[in-house]
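J.: Those protein sequences? They're chains A and B, same order as listed. So in this note's numbering the end of the first sequence lands on 193, straight run, no missing numbers. So in this note's numbering the end of the second sequence lands on 1183, straight run, no missing numbers.
For the record, the hints were derived by calculation from the structure and aren't laboratory data. Ideal Cβ positions, reconstructed from N, Cα and C, are used throughout, including at glycine. Worth double-checking, as some hints may not be accurate.
Said to hold, decoys possible - Sample of chain A residues with no beta-carbon within 12 angstroms of chain B, all distances over it, derived:
id, residue
1, R22
2, A28
3, A32
4, D43
5, T49
6, R76
7, A86
8, R90
9, D105
10, A108
11, R123
12, G128
13, R144
14, Q179
As the list claims (entries may be wrong) - Straight-line distance between alpha carbons at most 30 angstroms, and here's what the computed DSSO-like set of lysine-lysine pairs gives:
id, chain 1, residue 1, chain 2, residue 2
15, B, K1103, A, K154
16, B, K1007, B, K1033
17, B, K1007, A, K154
18, B, K1002, B, K1103
19, B, K1007, B, K1103
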Amino acid sequence: MTADVIDTLARVRPGSRLDLLRDRRPDAREHAQRAYDALFAPDSEEEVTSVERAAVAAFVAGLHQDPAVARHYADRLAEHAPGLVATIEREIEEARTVGPYGVYDEPALAQESLIGPAYRAARRDALGERLAAALDHAHLLVFRPRESSRDALKTLIDAGWTTAGVVTISQLVAFLTFQVRVVAGLRLLGADR
Amino acid sequence: MKFTQDKLGWEPWLEPPAEDELTEAHRHALVDKARAASPYFRLLALDPRVLHARTTTDNDIFYNADGGLPRAERELAATATSRHNGCVFCASVHARFAAHYSKRPGDVQRLLDDGVDAPQNERWRAIIDAAVALAATPGALGADHLAALRAAGLDDLEISDVIHAAAFFNWANRLMLSLGEPA
Chain A
1 MTADVIDTLA RVRPGSRLDL LRDRRPDARE HAQRAYDALF APDSEEEVTS VERAAVAAFV
61 AGLHQDPAVA RHYADRLAEH APGLVATIER EIEEARTVGP YGVYDEPALA QESLIGPAYR
121 AARRDALGER LAAALDHAHL LVFRPRESSR DALKTLIDAG WTTAGVVTIS QLVAFLTFQV
181 RVVAGLRLLG ADR
Chain B
1001 MKFTQDKLGW EPWLEPPAED ELTEAHRHAL VDKARAASPY FRLLALDPRV LHARTTTDND
1061 IFYNADGGLP RAERELAATA TSRHNGCVFC ASVHARFAAH YSKRPGDVQR LLDDGVDAPQ
1121 NERWRAIIDA AVALAATPGA LGADHLAALR AAGLDDLEIS DVIHAAAFFN WANRLMLSLG
1181 EPA
């Protein structure tokens, strides 16, 4: 059992106001951590390796520009794949933007479409095509989820991901967008008054 | 298709396991056995530990009735997040819940039709604005949002519930949007 990551990143001290608040939703507290454990200490690496998990997580955390969260996942990447740290850092710098944005397919929503960048990782040799495709997809999910498509999934499958691997990568990215927001929200609430 | 309170279907872009192919581990991960009929949950069951944790987190954030934010406003935060991120399917489900529990279907429909900036009363305004700020990447939730929530009468637990409900829909929207489409 690892330390509760949300507590660590949001600086929730035992017995504090935030600690007592989190205890009012005990299953959410416990299972947010269990999701983290399932994603980062998985039963099997058959579909998604530890290095791939660490690299995608460091990329997604870096895109959110929350220093504590970004450092946590950068440190994990340094443990699992020190050789990828500099590459992922450079990808993050080039991939950062402001979201959510995206074009709606639905004609009734066309006037709400916000056109923005679609990212394609630049260092594909260093990353390998499989991981590069996962980073491209992670950027889509973080910034322009409304532009998701059947073709985007086909690109992942063509890069060597299985259906189960796509599910795990999607969960990993989506979970992180939750975790970083809970951390930011709790930290703000804890600093208030 | 536009944002609606109507019941929509959802079709996956990847083939989920068939109902009769689900193992005990898959079924445990569904939490609610009836979800074996849903292609969305059967697809997510391919990573059973994560699905189980996802669903248990979801259920506590939305259904835990030990004080805190009324269910209607947890659903409002989910609807506003889904509206802003662009998840037509998620918004349809949670708009129906928000309308049902608040008994304010017209206000919910205005959020769907005219978007997150459409006029609302002070309390809903504060909740919607917080959800929208939290949905931004990088995050944009700040002291002003917290002050508006407090001015509208929300206490710490209610604000924590807003944060969790809105944050959770950033998770849910991205799965629902990226693995299939409303049908």
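J.: Of the numbered hints stated previously, which ones are contradicted by the structure, given in increasing order?
T.: 1, 2, 3, 4, 9, 10, 13, 14 and 15
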